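A.B. asks: Just so you know, the sequences run in chain order A and B. If you use this note's numbering, the first sequence corresponds to residues 1 to 115, in order. If you use this note's numbering, the second sequence corresponds to residues 1001 to 1116, in order.
Each hint should be verified, as a subset may be incorrect.
What the hints assert, rightly or not - Here are some, though not all, of the chain A residues that point toward chain B, as calculated from beta-carbon distances under 10 angstroms:
| no. | residue |
| --- | --- |
| 1 | Val4 |
| 2 | Pro9 |
| 3 | Ser12 |
| 4 | Tyr36 |
| 5 | Glu42 |
| 6 | Gly43 |
| 7 | Thr45 |
| 8 | Phe46 |
| 9 | Pro79 |
| 10 | Phe89 |
| 11 | Asn102 |
| 12 | Leu103 |
| 13 | Ile104 |
| 14 | Gly106 |
These are calculated hints, taken from the structure and not from any lab test. Model, not experiment: these values are computed from the prediction. Even glycine gets a Cβ: it sits at the ideal position worked out from N, Cα and C.
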Amino acid sequence: DQQVKQNSPSLSVQEGRISILNCDYTNSMFDYFLWYKKYPAEGPTFLISISSIKDKNEDGRFTVFLNKSAKHLSLHIVPSQPGDSAVYFCAASANYGGSQGNLIFGKGTKLSVKP
Amino acid sequence: DTGVSQDPRHKITKRGQNVTFRCDPISEHNRLYWYRQTLGQGPEFLTYFQNEAQLEKSRLLSDRFSAERPKGSFSTLEIQRTEQGDSAMYLCASSLGWGRAGNEQFFGPGTRLTVL
């Protein structure tokens, strides 16, 4: 069973508009969430993270929102640029037992930003 | 560039052969992770090291897989008697600590394994 779900395999957005990528999780022990971007033939690149004690974290054009009660987080990219076209992975980790720091990833959402 | 490096980038082997991959983490990072990614999936955790100690192994890591991190620096992942199902991208990541702001995992470019 998937503990981290990205239900939209793909998203297409016009340049300059907002991109919203969504992620749901099932494990209430998750306390740290990250977004990674991945280009073909490269490893994932860290984008932004958020701790469960916060509900928002912003870094330039990227903002992550966390709704703990709904077990939902989202990544907003404003304004979207063609160079943002990539696969975006949501990941989560939990601080319990022997699983400290291991990341659980969703399947990814392919974002296409059209000029 | 002092990021995470992996070698080789691509490996093609025949079923039944052994293969070994190497990962060089960011120098000051004491945690090193191995993940596997197959088509259409996100990376899946395999194992991780705190310095030279291997602290956790996923159930995905069958007894044909072994990982080492001698002296707490670079790491190797060996797959013995490869099977076609082992074909995947093998990713290495490193972090300064774990799971908190400032201790994010940084990934290498991966090793693409194809088992014929």
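A.B. asks: Give a verdict on every hint.
C.D. replies: Checked hints:
no., hint, result
1, Val4, "holds, 8 angstroms"
2, Pro9, "holds, 8 angstroms"
3, Ser12, "violated, 18 angstroms"
4, Tyr36, "holds, 8 angstroms"
5, Glu42, "holds, 6 angstroms"
6, Gly43, "holds, 4 angstroms"
7, Thr45, "holds, 7 angstroms"
8, Phe46, "holds, 5 angstroms"
9, Pro79, "violated, 25 angstroms"
10, Phe89, "holds, 5 angstroms"
11, Asn102, "holds, 5 angstroms"
12, Leu103, "holds, 6 angstroms"
13, Ile104, "holds, 7 angstroms"
14, Gly106, "holds, 5 angstroms"
Consistency note: the structure conflicts with the earlier hints numbered 3, 9.
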